[in-house]
Amino acid sequence: MWNWFHRLSAPKSFFELSGKLLPWFGILAVLALVVGAVWGLAFAPPDYQQGNSARIMYVHVPASILAQSSYMMMASAALVFLVWRIKLADIALQCAAPIGASITLLALLTGAIWGKPTWGTWWVWDARLTSTLILFFLFVGVIALRSAMDNRDSAGRATAVLALVGVVNLPIIKYSVDWWFTLHQSASFSLTEKPTMPAEMWLPLLIMVIGFYLFFFVAWMLRIRTEILHREIRTQWVRERLLSQ
Amino acid sequence: MSLFFGVIKRELLIAYRNPADLLNPLIFFVIVISLFPLGISPTEKVLSQIAPGVIWVAALLSTLLSMDILFRSDYDDGSLEQMTLSREPFLFLILGKIVSHWLVTGLPLALLSPLLALMLFMNEAGAWALFFSLLLGTPILSLLGAIGAGLTVGLRKGGLLIAVLILPLFVPVLIIATAMVQAGMQSVDYTGHMLWLGAILAASIGFAPIAASMGVRISLSH
Numbered sequence: 012m013w014n015w016f017h018r019l020s021a022p023k024s025f026f027e028l029s030g031k032l033l034p035w036f037g038i039l040a041v042l043a044l045v046v047g048a049v050w051g052l053a054f055a056p057p058d059y060q061q062g063n064s065a066r067i068m069y070v071h072v073p074a075s076i077l078a079q080s081s082y083m084m085m086a087s088a089a090l091v092f093l094v095w096r097i098k099l100a101d102i103a104l105q106c107a108a109p110i111g112a113s114i115t116l117l118a119l120l121t122g123a124i125w126g127k128p129t130w131g132t133w134w135v136w137d138a139r140l141t142s143t144l145i146l147f148f149l150f151v152g153v154i155a156l157r158s159a160m161d162n163r164d165s166a167g168r169a170t171a172v173l174a175l176v177g178v179v180n181l182p183i184i185k186y187s188v189d190w191w192f193t194l195h196q197s198a199s200f201s202l203t204e205k206p207t208m209p210a211e212m213w214l215p216l217l218i219m220v221i222g223f224y225l226f227f228f229v230a231w232m233l234r235i236r237t238e239i240l241h242r243e244i245r246t247q248w249v250r251e252r253l254l255s256q
Numbered sequence: 004m005s006l007f008f009g010v011i012k013r014e015l016l017i018a019y020r021n022p023a024d025l026l027n028p029l030i031f032f033v034i035v036i037s038l039f040p041l042g043i044s045p046t047e048k049v050l051s052q053i054a055p056g057v058i059w060v061a062a063l064l065s066t067l068l069s070m071d072i073l074f075r076s077d078y079d080d081g082s083l084e085q086m087t088l089s090r091e092p093f094l095f096l097i098l099g100k101i102v103s104h105w106l107v108t109g110l111p112l113a114l115l116s117p118l119l120a121l122m123l124f125m126n127e128a129g130a131w132a133l134f135f136s137l138l139l140g141t142p143i144l145s146l147l148g149a150i151g152a153g154l155t156v157g158l159r160k161g162g163l164l165i166a167v168l169i170l171p172l173f174v175p176v177l178i179i180a181t182a183m184v185q186a187g188m189q190s191v192d193y194t195g196h197m198l199w200l201g202a203i204l205a206a207s208i209g210f211a212p213i214a215a216s217m218g219v220r221i222s223l224s225h
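Here the protein sequences come in this chain order: V and Z.
Note that the first sequence covers residues 12 to 256 in our numbering.
Note that the second sequence covers residues 4 to 225 in our numbering.
The set of hints was computed from the structure by calculation and includes no laboratory data.
For glycine and all other residues, C-beta sits at the position ideal for the given N, C-alpha and C.
Distance windows between CB atoms, simulated: (1) Z:Ile-43 to V:Val-46: 51 to 57 Å; (2) Z:Arg-90 to V:Trp-13: 33 to 39 Å; (3) V:Ser-64 to Z:Leu-198: 38 to 44 Å; (4) V:Ala-53 to Z:His-225: 52 to 58 Å; (5) V:Glu-27 to Z:Leu-198: 53 to 59 Å; (6) V:Pro-209 to Z:Ile-43: 47 to 53 Å; (7) Z:Ser-224 to V:His-17: 21 to 27 Å; (8) Z:Leu-118 to V:Ser-158: 38 to 44 Å.
Chain Z extracted, bound-state conformation (with noise of 0.2 Å):
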């Protein structure tokens, strides 16, 4: 367990240190936001009705580009190979570095979707609902994303590979979060949605670190 906080403190501190990996995602995400107004049209009709499917499908897209800095660095510098040798568990350490993924990335995405919903003339319901979404949803994409950054690691061009792995998994994420998003924009109980997002966010947890640290095993094995 003490590894488990031990490794969270070092990501939040190397995060703290490189602020551009931490706020690239977050300006990656307002800035395709605000394009889409400029592209379809920013008549508060058209805008609040395609506000939560803009504002998750550019959550989905700004966590896979964040995605890569998970384990690249450790990988490059070797240090990812030593925490495999580690007498603890591997996969608390994999666990704590998705944890930390999440809390630099995904939960400024939460903090900060009031301010979207707002660009995007959703009502306040609408934006507690997207709030709740975005701060239940994004885990599972930090841990879902996690296997596909752990399978390519090792590969020079692994980008756009994670995202032809990890797109196709985060469809249901996605179709329930924005269906929740709108139930609260018409003032509808989303209570259903919100317990759907929590199972597959704890059948992730369960899951997903166990598939990620064989695939960051395997990465490194060659």
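Extracted from the complex, chain V is given alone in its bound form (with noise of 0.2 Å):
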């Protein structure tokens, strides 16, 4: 087990099996993708008290909890970073910090562009709409000190320390920020308790939540791999397969 990890965790190993799975995960990403926002915008019913305005859910609610749990997946390979000085996990932080910080935005301006139908406005001061403010600030300040730091090992180290400050602070955020004013729903899924809409409303809505995961692991893995050849453009192995394609 820790042999392979670590067989793994080396670039260039990272590099070939990521370009074996990169096909598979992209063609699940479409799927999904295709499949939910077709069946959650043409054929799901229209809300019965918002309409067809609610159809938005389906990008939305997807985007809100990826922007979370992209903000977690950040904040781990930041961890693995730290305690083992896996080169690749440092490659995966600074990767992930653009994908969450545009998809946590998506989650905004959907948000926005829903509210305004249904609140009336396009902005509230309600607790889930400033606690995502937050984590857009908290992505763009993993990427400002990234960019802002010149030595590459000591900028990765440095973010990876600022993500970790920030996924502890996360939580005491979200509960103050709750605690200071709700007027948004609760969350529409949890993995407990039974959904409290129609089978064919959820279904969909699943499918695009599985599809915005996806399409966030084919984006950070692109990524990866252009920061891989851009770190390792020196090595043998780089050169040899820029020069046999």
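Join the two chains into one complex using the hints; note that each chain is given alone, in its own frame.
And the structure:
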């Protein structure tokens, strides 16, 4: 197990393995996103109160769920990098930040668009919106720190520390903001309870959530692969690879 | 332990000899607060309503401005690097620096707060709540700010970056502290808020020096 893990964490073997996995993940991601989007946007029943405007939830809910877990994934990479000094984890951390930031921005934007017909304003200072906004700021901080430091090694460790500090603070921020004010509906999905919406609505939503996760992995892997090539440009295997193509 | 107090003594002595470093954040704090009546409205009704938020946001900003002096001069003259070589745990050294930073920036803010409460027409109960909230809240700001200061001390243009890194982390303190002051102004019991701030303070004392010392070591390594 450890042996396998160590081998995988070498940039070269990760590059080869991800090259094999990538097409499959790509196909599944496209499939899930197309099926979920078409089902959710065209065939699922409209909401009994909000009508067709509620269909934006098929983008908004997956984006919001992914926004938080992408920070968690980024922070796990940070922990792995700080503890075991695995170079690949640093690359993963660096590559997850921009994707996570864009997903968080997407969640904020779709939330604003949804808020206009239902709440009557583009933005309300509600607990969940606010904590998502702060999550976005945390992502921006990680990206800003990385880009401000020239030395790659210390930039990697500094952003890892910052990402971990953020992850410790995230629950505190979330609870304090929740406690501060709440207007938003509670989570529509939970692993332990039966969904309150009909199956024709939550099934496409679930497919969209899976599609968003797959998309995240595909985008993450693509960025990691590019960064590996960029960093290892002087090594033998990258040269051979580039020359053979 | 002797190292911890030694560091505090040294930092306080340095602050005493450079009173400008000590006074500028305070003056900034007072000026920012006096801009609000000019910019929004000088009436008692409006001012007393926005007072908790205004004072606390000004406290966040002035702590932020003073954060740069925490490690900067020691980094520039190389003494910070010498401190990492010390046989004593570096963690205590960092904690000592943070405590003395609070003594010269956060504590004066708290002591000055009754005056500002008067300027913004807060009632007496509110002024006490403000004083206690600053007393409990500003050490958290110094502790969390030290993380940002440690991570950015090696950078030439670190000032704005610190703001981006640590302002989001200040959010819980701001929320709880302003709620506490508002409760105080309406003569509602605010023990719960104080317990919350105390809990965050205790957690920060545990974690922030570790992250800050890691940040300083990283900054020194390049």
